[in-house]
Amino acid sequence: MDYKHTAAEVLRLIGGRDNIISAAHCATRLRIVIADNSKVSKEALEDVDGVKGVFEASGQLQIIFGTGLVNKVYDAFIENAGISASTKEEVKADAASKGSFFKRFIKTLGDIFVPIIPAIVASGFLMGIMETLNFLSNNGYISLSNESTLFILANMFANTAYVFLPVLIGFSAGKVFGANPFLGGVIGMIMVHPNLQNAWTMTGGVEQYLDVFGLWNVPLVGYQGHVISVIIAVFVMATIEKWLHKRVPAMFDLFVTPLVSVFVTGFLTMTVIGPVFNFVESGIINAIQSLIALPLGIGSLVMGALYAPTVVTGIHHMYTIIDLGQIQEFGYTYWLPLASSANIAQGAAALAVALKTKDQKLKSMALPSSLSAFMGITEPAIFGVNLRFFRPFICACIGGGCGAMFASITSLGASGTGVTGIFGILLCLNAPVKYILMFLIAAGVSFVLTWLFGYENKKTEQKKGNDIAKADTQDHCETAEKADEKSAEDEKNVSAPLAGAVVSLTETGDETFASKVLGEGVAIEPSEGKVYAPFDATITAMMGHAVGLTGKNGVELLIHVGIDTVKLDGKHYKPHCEEGQEVKAGTLLLEFDRDAIQKEGYRTVTPIIVTNADDYKAVEGTEQKTVSALETLLTVK
Amino acid sequence: MKQFTYIITDEVGIHARPAGLLVKEAKQYASKIVIQKGEKQAEATKLMAIMGLGVKCGDEIIVQVSGEDEEHAATQMEAFFKENL
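Protein sequences, first through last, are from chains R and A. Per my numbering, residue 19 is the first one in the first sequence, and the count goes up by one each step. Per my numbering, residue 73 is the first one in the second sequence, and the count goes up by one each step.
It should be emphasised that the hints constitute simulated quantities derived from the structure, not laboratory data. For clarity, every value in this text was computed on a predicted model and none was experimentally measured. Yeah, the Cβ is synthetic: ideal placement off N, Cα and C, and Gly gets one too. Check each hint, because a few of them may be wrong.
Using 27 Å as the maximum straight-line C-alpha spacing, the simulated DSS-like pairs for lysine-lysine come out as follows [as the list claims (entries may be wrong)]: (1) Lys-602/R / Lys-655/R; (2) Lys-635/R / Lys-99/A; (3) Lys-90/R / Lys-99/A; (4) Lys-585/R / Lys-96/A; (5) Lys-635/R / Lys-104/A; (6) Lys-510/R / Lys-602/R; (7) Lys-585/R / Lys-128/A.
A short list of chain A residues far from chain R (calculated; beta carbon distances all over 12 Å) [claimed, not checked]: (8) Phe-76; (9) Asp-82; (10) Glu-83; (11) His-87; (12) Ala-91; (13) Tyr-101; (14) Ala-102; (15) Lys-118; (16) Ile-134; (17) Gln-136; (18) Glu-143; (19) Glu-150; (20) Lys-154.
Bound conformation, chain R alone (with noise of 0.2 Å):
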C-alpha cells in the first residue's frame, strides 16, 4: 500500500491543510479536528485505499486504519500537509475548544480542580472544624485547649493543602496543559514561597517592594489562595515550555527547557501576571464596597450572587479587608452574613447534589464538600460539585443572593470576622433569629432550586448518552471506558494471553510482524512465563514457540513467544496443549522460561496477532500501557 497517496487522498479529502485544527492517531485511528466539517466528503474518504471506516465522534473527525498502518499513514499525512504531530491529548484539547471561550474555562477548571479533590475536600472539611474550635475557645464558648499537641498537629495538617493549594494546582495545570507537572508545580511553589510575605497576615502592609528595571514596584507577597493567576502562569509556562522543546537540541533540552521556562514564567508571574491581577483584585474590591452601600438590599443580593465566583477567581482572600474595615467603621460588619449566605448556599446546591444523585463516588464527595462549606470552606464544594455541574453553582449564587439580600434589608450584621457558615452565628448572637432566617433562606432557595433545576441523574443521561452513542459514532479507541461493551453484537474481544507491557507491531523489530504480513495485532513483552487461552477455542497449531487458536467466535489468533525462537526448536518452551485439542478461555497453553530465552539473545516480545484480520472492519488495540492475562488486550469488529 502507498501510504503517501493514502495520505494525500485524504488530506485532499478533509478539505486540505487549511481545514486541520490538529491531527493525531492512537492505536488504529487518525483522529482530526476539523475546521468545517461541510469540506469533508465522507463518503469519497471511506474508498480511500487502507480506510476501514470513517466517523466523526467527540468533536473529531475519527478515520479507522488499523494497527500498525495507522503509524505510517499519519506520519505521511503530517509530512503532507505541512502540521506539526500533535498529541491525542491536544487533539481532545482542541475538540473541546470548539466550545465557547466560557465553557472552555470552566471546562478546564474542571479538569485542573478534579485530580486534587482527594487533597482538598477531607482537608477542607476539618479545616472548618479546626477554625470553628479555634474560635469557640478564643471566645470562651468551649474549654479546649488549642495549644493541646494534638489541636496544633490537627490545625496544621488541615490547612496544608490550602496553605499550598497553589502547587497542587501548578501540578494539576501543568498536566491539563501539556507541560510537566512537575515544572506546574515548581511555578505553584515559586508562588507561596516562604521568602514572600504571606498574603493571609498581611495585616502591617506590605513589607518589602521590588523594583522592576526602575518602571514599577511590585509587592513582595505570596499568591496564598489565588486559583486563576496560578493557572495562567502555568499556562504561559506550558507553552514557553513546548515552544522550546521543539527548538532547543536534543542534547540541551533537558538543562535548557525548564530552567528558562521556570525562569521566565516565575519573572512574569512576580512581575506582570501577579501585579496585573493585584491591579485588577482591587479595582474589583473597591467596585464591591460600593456595590453593597446599594439600597434596599440591591447591592447585598447581586453581591451575595457574585461572591462565589469571586472565590473561584481567588479575590476572597481581600475580603477580610472589607469586615475589618467595617468593624472599624460601624462596629459591625455587615459583609460577613453576606460572605456566610454565599458560602450556605454552595454548601446547600452540593447537598442537593449528594442527596439526588445515583453516582456512589459523586455522592461520597458531594456530602463532605457541602459539610464543609457550610462550616465556611466552600472551594471543595465549588470547584469539585457545583462548578462541574455548574447549574447547582448558579442555583447557589442565587440562594446566595436571595439570602445576602435578607441579611441587608433586616441590618445583620455580625461582631467580628472569621468564620462564616452554621458556627458564623456566634458572630450574631445579638440577632441570632436573624442570622438563623438568612441561613434558612440562602440554603432553601438554593437546595431547592439545584433540587428541581440543577442536577439531573446522570444515570439517565448515560443511558441516554449510550444509546445514541451505539448507533454509529463509539469511540472504541477508549477501551477503558468500554470494557462493559462485550455485549456489542458485531464486536469481539481477544483478553491478553500473557501479561506484560503492549507494545506496537513495529516495536517487535521483526519485519515481518511489523509489515503485518501475518495480519493485524500487537505485542507483548511479557512479565510472566505463562500463555493463557484467550478465549474459547480449538488449538490449530501448536509449534513450540508459538500457539495458533480458531476461536468460537472465528477470530483466528497466533501468539508468537518471542521473536526468531523458531530457532530454539521448542528447546524452553513447555507446551501444555496439542493441536485439535478444545480448550476453554483462561486455560494454560504454553511456558516459557523467559530468563533462558534471553539469555541465548532472543527477544521475549510476543506478537499476538489476528491472522484473518481482512475478514473483519477493524483490530483495535487497547490504550492501556500494561495487561494483565486476560485482560481485555484487542477489540475485533
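Given chain R's structure and the hints, the job is docking chain A onto it.
Relative to the frame of chain R, chain A by itself:
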C-alpha cells in the same frame, strides 16, 4: 490442475514468517492452492491451517494449484518455495 512436490530445505520449516509470506504469495492468484503434507492438507491462503501442518525441514510436500491462472501460479509458487523454503 497443476501439481508439484517440494522438499523443504529451510532448517526451521514453515514457521510463522515463511507461512505469512506464503499466504501473501498465494493470495495473488485466482487459483486455489492446496498444500499437502502426509495425510494433512491446507489451503495456502489460510495461515493457521498452514502452520497447523507443522512442516519441518526435510518434509516432502505436495502443492496443488487449480484455477484459471494455474499455469502461471504453479510456476510462481514453485519459485517461491525454492527461494524461501
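Results of checking the hints against the structure:
1. Note on Lys-602/R and Lys-655/R: the hinted pairing holds, with a Cα-Cα distance of about 22 Å set against a maximum of 27 Å.
2. Our distance criterion of 27 Å between C-alpha atoms is met by Lys-635/R and Lys-99/A, whose separation comes to about 19 Å.
3. With a C-alpha separation of about 24 Å, the suggested pairing of Lys-90/R with Lys-99/A holds against the 27 Å cut-off.
4. Taking the CA atoms of Lys-585/R and Lys-96/A, the gap is near 23 Å; set against the 27 Å cutoff, the hint holds.
5. Under the criterion of a C-alpha separation no larger than 27 Å, the hint pairing Lys-635/R with Lys-104/A is consistent with the structure, at around 24 Å.
6. Restraint check for Lys-510/R and Lys-602/R: satisfied, since their Cα atoms lie roughly 16 Å apart, inside the 27 Å limit.
7. Taken as a hint, the Lys-585/R and Lys-128/A pair is honoured in the structure, with Cα atoms around 12 Å apart against an allowance of 27 Å.
8. For Phe-76/A, the non-interface assignment is confirmed: its Cβ lies about 24 Å from the closest Cβ of chain R, beyond the 12 Å cut-off.
9. At the 12 Å boundary, the C-beta of Asp-82/A falls inside the reach of chain R, the nearest C-beta of that chain being 10 Å off.
10. The beta carbon of Glu-83/A sits about 8 Å from the closest Cβ of chain R, which is not more than 12 Å, so the claim that it is off the interface is violated.
11. The Cβ of His-87/A sits about 4 Å from the closest Cβ of chain R, inside the 12 Å cut-off, so the non-interface label is violated.
12. A cut-off of 12 Å between C-beta atoms contradicts the statement that Ala-91/A is not in contact with chain R; the least separation is 8 Å.
13. With a least beta-carbon separation of about 16 Å from chain R, Tyr-101/A lies farther than 12 Å from that chain, consistent with its non-interface assignment.
14. No beta-carbon of chain R comes within 12 Å of the beta-carbon of Ala-102/A; the shortest separation is about 17 Å.
15. A Cβ of chain R approaches the Cβ of Lys-118/A within 12 Å, the least distance being about 8 Å, so the stated non-interface status is violated.
16. The non-interface label for Ile-134/A is consistent with chain R: the shortest C-beta to C-beta separation is roughly 20 Å, beyond 12 Å.
17. Consistency note on Gln-136/A: stated as away from chain R, and its beta-carbon is indeed over 12 Å from all of that chain's, at 21 Å minimum.
18. With a minimum CB-CB distance of about 26 Å to chain R, Glu-143/A clears the 12 Å threshold, and the non-interface call stands.
19. With a least beta-carbon separation of about 20 Å from chain R, Glu-150/A lies farther than 12 Å from that chain, consistent with its non-interface assignment.
20. For Lys-154/A, the requirement that its beta carbon stay farther than 12 Å from each beta carbon of chain R is met, with the minimum near 19 Å.
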